[in-house]
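Enquirer: The lines below spell out each chain.
There are 2 protein chains.
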Amino acid sequence: MNDRAPQTAEAEDEDDFAPSRAEVVAIEAAVDADDGPQLDALLEPLHAADIADIIEQLTPTRRRALLRLYSGEIDGEILSEIDEAIREEVIDALPREVVAEAVREMDTDDVVDLVEDLDAPDRAEILAALDESDRAAVEQSLAWPEYSAGRLMQSEVVTAPGHWTVGETIDYLRREEELPDQFYHVVLVDPRRHPTGYVTLGRLLSSARNVRLADITEDSFRTIDADEYEGDVAYAFNQYHLISAPVVDSHDRLVGIITIDDAMAVLDEEHEEDMLKLAGVGEESHVTDNAIQTARQRLPWLVVNLFTASLSALVISRFEHTITSLVTLAALMPIVASTGGIAGTQSLAVAVRALATRDLTSGNARRVVLRELLAGMLNGLGLALILGLGGSLLFGSPWLGVVLAGAMIVNQIVAALGGVLVPLTLSRLGLDPALASGTFVTTLTDVMGFFAFLSLATWILL
Amino acid sequence: MNDRAPQTAEAEDEDDFAPSRAEVVAIEAAVDADDGPQLDALLEPLHAADIADIIEQLTPTRRRALLRLYSGEIDGEILSEIDEAIREEVIDALPREVVAEAVREMDTDDVVDLVEDLDAPDRAEILAALDESDRAAVEQSLAWPEYSAGRLMQSEVVTAPGHWTVGETIDYLRREEELPDQFYHVVLVDPRRHPTGYVTLGRLLSSARNVRLADITEDSFRTIDADEYEGDVAYAFNQYHLISAPVVDSHDRLVGIITIDDAMAVLDEEHEEDMLKLAGVGEESHVTDNAIQTARQRLPWLVVNLFTASLSALVISRFEHTITSLVTLAALMPIVASTGGIAGTQSLAVAVRALATRDLTSGNARRVVLRELLAGMLNGLGLALILGLGGSLLFGSPWLGVVLAGAMIVNQIVAALGGVLVPLTLSRLGLDPALASGTFVTTLTDVMGFFAFLSLATWILL
Numbered sequence: 001m002n003d004r005a006p007q008t009a010e011a012e013d014e015d016d017f018a019p020s021r022a023e024v025v026a027i028e029a030a031v032d033a034d035d036g037p038q039l040d041a042l043l044e045p046l047h048a049a050d051i052a053d054i055i056e057q058l059t060p061t062r063r064r065a066l067l068r069l070y071s072g073e074i075d076g077e078i079l080s081e082i083d084e085a086i087r088e089e090v091i092d093a094l095p096r097e098v099v100a101e102a103v104r105e106m107d108t109d110d111v112v113d114l115v116e117d118l119d120a121p122d123r124a125e126i127l128a129a130l131d132e133s134d135r136a137a138v139e140q141s142l143a144w145p146e147y148s149a150g151r152l153m154q155s156e157v158v159t160a161p162g163h164w165t166v167g168e169t170i171d172y173l174r175r176e177e178e179l180p181d182q183f184y185h186v187v188l189v190d191p192r193r194h195p196t197g198y199v200t201l202g203r204l205l206s207s208a209r210n211v212r213l214a215d216i217t218e219d220s221f222r223t224i225d226a227d228e229y230e231g232d233v234a235y236a237f238n239q240y241h242l243i244s245a246p247v248v249d250s251h252d253r254l255v256g257i258i259t260i261d262d263a264m265a266v267l268d269e270e271h272e273e274d275m276l277k278l279a280g281v282g283e284e285s286h287v288t289d290n291a292i293q294t295a296r297q298r299l300p301w302l303v304v305n306l307f308t309a310s311l312s313a314l315v316i317s318r319f320e321h322t323i324t325s326l327v328t329l330a331a332l333m334p335i336v337a338s339t340g341g342i343a344g345t346q347s348l349a350v351a352v353r354a355l356a357t358r359d360l361t362s363g364n365a366r367r368v369v370l371r372e373l374l375a376g377m378l379n380g381l382g383l384a385l386i387l388g389l390g391g392s393l394l395f396g397s398p399w400l401g402v403v404l405a406g407a408m409i410v411n412q413i414v415a416a417l418g419g420v421l422v423p424l425t426l427s428r429l430g431l432d433p434a435l436a437s438g439t440f441v442t443t444l445t446d447v448m449g450f451f452a453f454l455s456l457a458t459w460i461l462l
Numbered sequence: 463m464n465d466r467a468p469q470t471a472e473a474e475d476e477d478d479f480a481p482s483r484a485e486v487v488a489i490e491a492a493v494d495a496d497d498g499p500q501l502d503a504l505l506e507p508l509h510a511a512d513i514a515d516i517i518e519q520l521t522p523t524r525r526r527a528l529l530r531l532y533s534g535e536i537d538g539e540i541l542s543e544i545d546e547a548i549r550e551e552v553i554d555a556l557p558r559e560v561v562a563e564a565v566r567e568m569d570t571d572d573v574v575d576l577v578e579d580l581d582a583p584d585r586a587e588i589l590a591a592l593d594e595s596d597r598a599a600v601e602q603s604l605a606w607p608e609y610s611a612g613r614l615m616q617s618e619v620v621t622a623p624g625h626w627t628v629g630e631t632i633d634y635l636r637r638e639e640e641l642p643d644q645f646y647h648v649v650l651v652d653p654r655r656h657p658t659g660y661v662t663l664g665r666l667l668s669s670a671r672n673v674r675l676a677d678i679t680e681d682s683f684r685t686i687d688a689d690e691y692e693g694d695v696a697y698a699f700n701q702y703h704l705i706s707a708p709v710v711d712s713h714d715r716l717v718g719i720i721t722i723d724d725a726m727a728v729l730d731e732e733h734e735e736d737m738l739k740l741a742g743v744g745e746e747s748h749v750t751d752n753a754i755q756t757a758r759q760r761l762p763w764l765v766v767n768l769f770t771a772s773l774s775a776l777v778i779s780r781f782e783h784t785i786t787s788l789v790t791l792a793a794l795m796p797i798v799a800s801t802g803g804i805a806g807t808q809s810l811a812v813a814v815r816a817l818a819t820r821d822l823t824s825g826n827a828r829r830v831v832l833r834e835l836l837a838g839m840l841n842g843l844g845l846a847l848i849l850g851l852g853g854s855l856l857f858g859s860p861w862l863g864v865v866l867a868g869a870m871i872v873n874q875i876v877a878a879l880g881g882v883l884v885p886l887t888l889s890r891l892g893l894d895p896a897l898a899s900g901t902f903v904t905t906l907t908d909v910m911g912f913f914a915f916l917s918l919a920t921w922i923l924l
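Chains as they are written, first to last, in the numbering used here: chain Y, 1 to 462; chain L, 463 to 924.
To be clear, the hints were calculated from the coordinates, so they are not data collected in a lab.
Hints are all accurate, no fakes.
So these bits of chain L aren't anywhere near chain Y, every CB distance computed over 10 Å:
#1 Asp502
#2 Arg530
#3 Ile548
#4 Arg549
#5 Pro557
#6 Arg558
#7 Glu578
#8 Ala582
#9 Gly624
#10 Arg654
#11 Thr658
#12 Arg674
#13 Leu883
#14 Ser917
#15 Thr920
#16 Ile922
Okay, the calculated bits of chain Y under chain L, using three or more residues with CB under 8 Å as the criterion:
#17 46-57
#18 195-203
#19 259-271
#20 313-320
#21 380-390
The beta carbon of each residue, even a glycine, is placed where N, CA and C say it ideally should be.
Starting from the given sequences, assemble the full structure and let the hints guide the process.
Expert: As structure tokens, this is what we get:
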């Protein structure tokens with residue numbers, strides 16, 4: 001997979017899926033010139049998601065100006081695409097009636113997504129703009145925990161009893177005025193609203209009018225519990241190729257439906273989260289964050305690292321006598337530690353990913369750990385050979401070569417094992433395997449790298 | 463987002479979306495006992511994707527035994543879920559007629575995915591099993607470059623002329639016997655097969671029979687070029703909430719269609735790739751890899767790091783005189799370097815992600831770099847305060863505190879800038895921003911960390 005086409009900044013600027021640099025420059029110019037009609041003309045052909053991206057990427061001053069000039073055109077679609085980091089700011093900048101009009105057009109899942117992070121007065125104002133049944137649906141959804149399937153679902157579901165025929169169903173759909181914007185299945189429910197199966201629209205369209213719905217249901221049918229964690233929901237959609245899945249409460253009653261586009265967005269956010277957590281960025285990061293927010297997201301793990309790095313310092317300080325005797329050791333010791341850090345990071349990234357995709361389970365954990373141990377030994381031997389020979393020749397001391405080689409082997413094994421055992425242990429403890437694994441593992445490889453190298457040196461060279 | 467529910471190994475073993483540990487143990491026991499009927503009974507209720515996962519996670523010996531016992535039941539669905547790393551092995555282990563039967567059931571995009579990594583004889587054998595029109599479709603798809611939209615699409619598209627009415631279309635769908643397993647749109651084409659719009663099935667079902675298709679098309683319609691990189695296709699699906707998108711050749715003629723489930727799988731693979739590349743794992747990693755394959759995936763960047771780490775050694779060796787005079791410096795110097803490494807990794811992860819999601823563009827690059835610079839200064843000051851005070855008190859030397867603090871500030875700024883400038887530069891050069899960024903950035907922070915610390919120490923303390 002390493003020979004895939006790269007994503008480049010050039011490609012991004014000319015790609016089919018983002019406004020070009022020239023368009024953005026023209027939009028900025030229209031904003032600066034206070035030219036509303038020109039701005040409308042430039043934004044009109046763009047997709048709501050791209051307009052939202054442009055609003056996010058503008059400077060705060062230009063953003064306010066654009067919102068003022070364009071406020072009449074900000075609809076539900078644009079509003080639901082706006083990043084949560086600036087959502088409150090955008091809503092506050094818009095006239096009340098524009099926001100009210102926008103949310104009335106939105107599906108309930110988008111309204112939930114919009115209001116869940118707003119403070120109480122803003123939220124109340126938006127809910128007040130909805131008609132009664134939508135408001136009830138949004139409030140029902142907000143009663144489920146954050147990041148649950150209940151928050152992700154939309155309450156608009158197309159249902160039918162299983163004894164209906166295709167013809168009856170089509171007639172019903174033609175009569176019904178309030179259908180969801182997008183739907184992919186008709187969910188079959190019994191009289192107590194327990195979902196019993198679903199029929200794809202393709203099947204419905206290609207079957208004769210007299211066929212009963214219960215006879216053309218899909219094998220792929222499965223329901224999702226409303227309190228299921230949204231990350232697991234996204235995994236299930238990807239694993240089982242679901243397009244939509246009915247959501248049920250604890251009495252197995254239908255309360256809503258989740259569609260794949262929302263699951264895909266969650267999968268993407270989960271990725272972001274794993275990547276940032278592995279790198280020690282504490283909170284979600286947004287392109288709109290300022291320097292103080294950015295610094296604050298990152299400081300916690302930096303401070304932790306300051307203390308864990310002091311462990312390395314402590315280890316080294318025990319060998320000051322050795323270093324004084326042979327100061328070259330001070331120069332060479334970071335090589336072993338740093339190569340161990342890379343190996344630990346490699347092993348860690350593979351393990352965290354395998355845990356997320358359920359490829360690393362309690363069934364094969366022992367085998368995977370053994371594999372890492374062997375792989376660490378193999379690479380340790382290979383690197384030891386290069387470093388040992390290089391060190392011997394460069395410094396004219398075969399024994400120095402032996403010290404470097406020995407420390408390298410030890411530390412590569414520690415790195416490979418640490419990279420898989422740390423996330424496995426965190427996971428067994430019910431903690432997120434990505435969280436802080438990086439700091440643990442690099443501390444481990446630093447400490448062991450310095451210790452192995454300096455103690456071998458003390459033993460062999462002094 | 464950091465307070466989301468964690469994914470745990472426990473949760474994974476009891477979750478609704480993977481076979482339980484007990485089920486896997488029972489399956490292993492049935493395989494070991496050579497008990498075919500029991501194995502059938504255990505696997506029958508499972509989803510094809512879960513059966514494939516179990517096959518992947520078994521030891522190679524058990525895997526062969528399972529394939530022998532279960533070969534009659536291996537169908538196209540299971541086969542297309544099998545990880546590419548062991549696909550060849552699985553196909554070779556199955557009787558020819560089982561494979562032939564399985565591929566005949568599959569949609570053409572799944573056949574393409576199955577055969578594209580097989581060697582020529584296996585591929586020819588599978589293609590020979592297809593009927594003529596499917597074989598032509600697969601061969602047409604294979605003519606597009608690897609990782610392109612052309613490889614991802616399925617050739618089965620439901621099309622209709624725009625002047626057809628809803629009624630005519632439904633009658634056609636009822637008559638047509640060879641419809642795709644899943645379809646979400648009817649694509650409107652002109653007589654030269656240029657796609658001109660599409661109609662969702664929900665719209666088709668809810669409109670009266672006499673409505674013309676051309677009057678109920680969707681705004682979301684957009685086509686994808688067959689040579690578009692699949693990662694960009696996945697981005698477009700997520701950005702524009704597409705469910706399916708027609709694929710066109712260079713003459714804008716319809717050649718196939720991509721559905722969101724395939725785009726979601728690509729998004730997931732792209733993420734894996736970014737994560738592993740950032741961590742310096744060269745190739746795709748699979749749970750089925752043995753230790754030698756694992757070692758080989760990781761050795762290249764370890765060797766590179768061996769050499770870049772030697773740069774640090776070179777820097778330190780220029781200060782041997784300083785270290786000999788004050789050997790405590792050898793113990794303290796990794797603190798500054800290591801904290802810089804974490805800061806660089808943080809900045810890097812945020813930048814690589816922002817480039818992938820088009821949040822970091824040439825339009826806001828300058829602003830983002832400035833923000834990183836300021837954030838680096840802020841965190842540098844904070845960390846310098848802690849480390850400087852701690853160092854002063856612990857070693858009773860305020861000047862040592864000043865050296866530690868000064869080096870920390872310099873290196874935090876270098877880390878924050880390096881973390882964003884390295885991937886931006888790689889991206890401008892048309893290279894993958896994730897590739898090797900980690901090694902570059904940690905080398906930079908190591909070298910600068912040691913240099914800043916030791917040169918300040920030489921200047922101030924000696």
